[in-house]
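Q: Here are the chains, one letter per residue:
2 protein chains.
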Amino acid sequence: MLYAKELTKPDGRKLFLYSRAPITSVAAAPSPSPEPVAANPHLRWHPLRGEWVAYASYRQGRTFMPPPEYNPLAVTRDASNPTELPQGDYDIAVFDNRFPSLTLQAHDPPESVVKTLPANGQCEVVVFTQDPLSSLAALPLSHIELLLMVWGARTTALAEHPSIQYVLPFENRGVEVGVTLHHPHGQIYAYPFIPPVPQRMHEQQLTHYREYKQPLLEQLIAAEIKADLRMLYVGEHAVAFVPAWARYPYEVWVAPRKAVPDFSSLDEPQRADLAKALKTVLLKYDGLWQRPFPYLMAWYQAPTDGEAHPEWHLHAEFYPPYRTRDRLKYLAGTELAAGMFANDALPEEKAQELQAVAVSL
Amino acid sequence: MLYAKELTKPDGRKLFLYSRAPITSVAAAPSPSPEPVAANPHLRWHPLRGEWVAYASYRQGRTFMPPPEYNPLAVTRDASNPTELPQGDYDIAVFDNRFPSLTLQAHDPPESVVKTLPANGQCEVVVFTQDPLSSLAALPLSHIELLLMVWGARTTALAEHPSIQYVLPFENRGVEVGVTLHHPHGQIYAYPFIPPVPQRMHEQQLTHYREYKQPLLEQLIAAEIKADLRMLYVGEHAVAFVPAWARYPYEVWVAPRKAVPDFSSLDEPQRADLAKALKTVLLKYDGLWQRPFPYLMAWYQAPTDGEAHPEWHLHAEFYPPYRTRDRLKYLAGTELAAGMFANDALPEEKAQELQAVAVSL
Chain X
1 MLYAKELTKP
11 DGRKLFLYSR
21 APITSVAAAP
31 SPSPEPVAAN
41 PHLRWHPLRG
51 EWVAYASYRQ
61 GRTFMPPPEY
71 NPLAVTRDAS
81 NPTELPQGDY
91 DIAVFDNRFP
101 SLTLQAHDPP
111 ESVVKTLPAN
121 GQCEVVVFTQ
131 DPLSSLAALP
141 LSHIELLLMV
151 WGARTTALAE
161 HPSIQYVLPF
171 ENRGVEVGVT
181 LHHPHGQIYA
191 YPFIPPVPQR
201 MHEQQLTHYR
211 EYKQPLLEQL
221 IAAEIKADLR
231 MLYVGEHAVA
241 FVPAWARYPY
251 EVWVAPRKAV
261 PDFSSLDEPQ
271 RADLAKALKT
281 VLLKYDGLWQ
291 RPFPYLMAWY
301 QAPTDGEAHP
311 EWHLHAEFYP
321 PYRTRDRLKY
331 LAGTELAAGM
341 FANDALPEEK
351 AQELQAVAVS
361 L
Chain H
1 MLYAKELTKP
11 DGRKLFLYSR
21 APITSVAAAP
31 SPSPEPVAAN
41 PHLRWHPLRG
51 EWVAYASYRQ
61 GRTFMPPPEY
71 NPLAVTRDAS
81 NPTELPQGDY
91 DIAVFDNRFP
101 SLTLQAHDPP
111 ESVVKTLPAN
121 GQCEVVVFTQ
131 DPLSSLAALP
141 LSHIELLLMV
151 WGARTTALAE
161 HPSIQYVLPF
171 ENRGVEVGVT
181 LHHPHGQIYA
191 YPFIPPVPQR
201 MHEQQLTHYR
211 EYKQPLLEQL
221 IAAEIKADLR
231 MLYVGEHAVA
241 FVPAWARYPY
251 EVWVAPRKAV
261 PDFSSLDEPQ
271 RADLAKALKT
281 VLLKYDGLWQ
291 RPFPYLMAWY
301 QAPTDGEAHP
311 EWHLHAEFYP
321 PYRTRDRLKY
331 LAGTELAAGM
341 FANDALPEEK
351 AQELQAVAVS
361 L
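Sequence lines, in order, name chains X and H.
Here the first sequence stands for residues 1 to 361, numbered as in my numbering.
Here the second sequence stands for residues 1 to 361, numbered as in my numbering.
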């Protein structure tokens with residue numbers, strides 16, 4: 001059971017608190033600054049790539065490496081120095097990003113030599129726990145299950161806005177990927193269009209489904225389990241593996257075994273096993289070099305267009321920046337300019353490294 | 001006039017030397033190691049993105065931050081310690097990468113759960129000058145014109161291989177983008193398919209051309225010149241500008257004003273003005289913060305499929321990693337996972353910064 005409480009911050013932003021028990025101990029939502037942020041990002045059309053680019057010029061001033069004594073994601077201890085979160089009994093908090101690249105309030109985009117639009121999406125911050133020194137890997141399985149429910153609840157809520165076409169929860173972790181706040185947290189971007197990468201996945205999955213009447217990733221997962229070379233976790237309902245087609249040396253995918261289009265469609269046993277698969281990967285990552293392992297984790301799900309999506313298969317993709325313990329994989333000419341990834345490592349070899357890391361959930 | 005000399009290294013790799021004068025003073029091509037590199041990269045199909053990924057597992061051992069006394073791109077001074085280049089009178093050298101992600105010699109790819117192919121492309125290194133302490137910006141205009149001719153010659157030569165579908169010259173510059181050798185150089189990747197980014201450009205340009213009978217980028221350049229907000233160089237035949245649709249804060253495009261599909265199709269006045277536009281951008285970049293400015297520079301041209309491409313417009317795109325003097329732009333969730341870039345800066349503002357940097361060619 002997921003209990004939720006919705007509050008409004010002094011600057012007008014929303015705060016959502018989530019717990020397994022009714023939330024009764026929180027009265028008001030704080031904000032680091034009472035002034036409304038006049039966020040008015042806009043989109044411009046990139047004519048040669050055929051994709052939208054978001055512009056939010058005030059973002060240059062956003063929080064960057066704050067001193068350790070100020071953590072905006074900690075709960076407020078001193079009312080004269082408010083953070084983003086109140087004290088109280090809750091497990092996970094979600095609030096509107098103060099410096100969004102996309103916001104439903106955007107309006108009146110400037111004219112330009114290319115098409116422009118208001119950037120009518122939404123950017124939310126998801127605080128995984130009240131403990132600033134914890135990590136997603138360290139949270140109990142029940143807490144990770146709750147997070148999967150929260151991602152589902154946020155997706156459902158955001159999808160109610162007619163402009164929202166796609167909802168992407170993700171976590172950037174580590175200074176190597178530019179993260180400035182180390183309190184365990186992720187983000188949710190809700191887009192007013194299906195962005196290029198999910199759009200490409202949508203086309204690939206739909207084409208396959210129409211031809212074979214089987215979801216593409218479900219078939220690939222069955223093939224990976226059968227090949228048994230790259231598996232990190234094989235549960236009754238969920239798996240984790242280094243895909244044969246990994247673009248990053250330590251890339252890992254986490255997914256339910258059966259195609260499920262989105263978080264809200266997971267049943268309880270699927271969600272519980274998916275939490276185990278996810279925690280297994282996170283613990284293996286941190287165990288590999290006995291230090292916090294940086295990554296980008298993205299959760300792909302079906303577009304929020306109100307249609308049924310039997311072709312879509314909810315899954316997470318991890319993109320870690322390291323190619324060995326002390327060498328980063330830089331995205332350069334072929335990756336960024338051509339779009340073809342060159343991977344120095346065979347997925348089978350990197351899978352063996354991660355398979356060798358023992359973990360206990 | 002472009003003079004060329006082709007040599008073969010002891011390990012079987014090719015070396016091409018280029019100059020404005022006949023090259024008579026070079027007899028043999030050195031190699032850091034006489035042993036042939038058993039390069040056998042392969043491609044695997046990424047089923048959800050619908051794109052190829054290249055695997056070349058020996059690349060983990062490639063040269064990384066060598067000590068300053070060994071520069072493999074310098075000319076060989078001591079025959080007992082050979083580099084990649086011989087002594088002699090030439091301006092620009094091109095040789096087969098010792099650790100290629102793609103090679104025409106690739107064969108017998110392993111079987112996997114997804115489609116695989118030999119990675120039958122080619123990876124070349126382009127040494128811009130014999131001077132290890134110079135830079136592309138510092139080279140005389142005539143030398144930069146020669147480089148434009150060399151890129152054309154290499155494109156034409158590589159296109160003769162039936163497997164090559166696309167040729168991309170690029171330069172990664174700076175430790176910030178992972179460059180380990182600071183001798184001025186770039187690379188050329190020749191692909192056995194049109195990679196995703198040029199493929200997308202191809203579709204956008206073709207669709208526009210069929211509808212309007214005008215090349216897309218030629219029209220956009222005319223609009224940018226007319227708007228006169230983001231221009232860095234406006235010559236008789238070439239331009240440089242921060243595009244209205246920039247994805248990186250300091251992104252700059254360099255192009256001929258009229259649509260020209262590839263380097264070989266440039267006439268002499270176009271090439272001369274394109275060299276001026278390019279050198280202007282490079283000098284402005286280095287002048288902005290009075291220090292070497294890191295970037296990825298990629299040159300897009302038409303596919304090498306033997307067809308006429310009136311829709312295609314040769315141009316360079318620069319992707320610098322900085323968003324301000326001391327802050328990097330990290331590619332994270334929305335860029336890498338969704339494919340939607342969020343730009344902290346308005347292109348008009350960044351163009352003003354670069355416009356204010358005075359340069360003399």
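Keep in mind that the hints were calculated from the coordinates and are not lab data.
Mixed in with the good hints there might be a few duds.
As the list claims (entries may be wrong) - DSS-like, lysine-lysine: derived pairs with alpha carbons at most 30 Å apart:
no. : chain 1 : residue 1 : chain 2 : residue 2
1   : H       : K226      : H       : K213
2   : X       : K14       : H       : K115
3   : H       : K213      : H       : K258
4   : H       : K226      : X       : K213
5   : H       : K226      : X       : K226
6   : H       : K258      : H       : K226
7   : H       : K258      : X       : K115
8   : X       : K115      : H       : K115
9   : X       : K226      : X       : K213
10  : X       : K258      : H       : K115
11  : X       : K213      : X       : K258
12  : X       : K226      : X       : K258
Stated by the list, open to error - Here are some chain X residues the structure puts well away from chain H; computed CB gaps all over 10 Å:
no. : residue
13  : L133
14  : S134
15  : M201
16  : A246
17  : A358
Claimed, not checked - Cβ-to-Cβ under 8 Å is the rule here; a few derived chain H residues that face chain X:
no. : residue
18  : S57
19  : K213
20  : L216
Here a beta-carbon is modelled for each residue, glycine too, at the ideal position from N, C-alpha and C.
Q: Determine for every hint whether it applies to the structure shown.
A: Each hint, compared with the structure:
no.: 1; hint: H:K226 <-> H:K213; in the structure: holds (20 Å)
no.: 2; hint: X:K14 <-> H:K115; in the structure: violated (47 Å)
no.: 3; hint: H:K213 <-> H:K258; in the structure: holds (14 Å)
no.: 4; hint: H:K226 <-> X:K213; in the structure: violated (52 Å)
no.: 5; hint: H:K226 <-> X:K226; in the structure: violated (60 Å)
no.: 6; hint: H:K258 <-> H:K226; in the structure: holds (15 Å)
no.: 7; hint: H:K258 <-> X:K115; in the structure: holds (22 Å)
no.: 8; hint: X:K115 <-> H:K115; in the structure: violated (39 Å)
no.: 9; hint: X:K226 <-> X:K213; in the structure: holds (21 Å)
no.: 10; hint: X:K258 <-> H:K115; in the structure: holds (22 Å)
no.: 11; hint: X:K213 <-> X:K258; in the structure: holds (14 Å)
no.: 12; hint: X:K226 <-> X:K258; in the structure: holds (15 Å)
no.: 13; hint: L133; in the structure: holds (22 Å)
no.: 14; hint: S134; in the structure: holds (21 Å)
no.: 15; hint: M201; in the structure: violated (5 Å)
no.: 16; hint: A246; in the structure: violated (7 Å)
no.: 17; hint: A358; in the structure: holds (25 Å)
no.: 18; hint: S57; in the structure: holds (5 Å)
no.: 19; hint: K213; in the structure: violated (16 Å)
no.: 20; hint: L216; in the structure: holds (6 Å)
Comparing the model with each numbered hint stated earlier shows that hints 2, 4, 5, 8, 15, 16, 19 do not hold.
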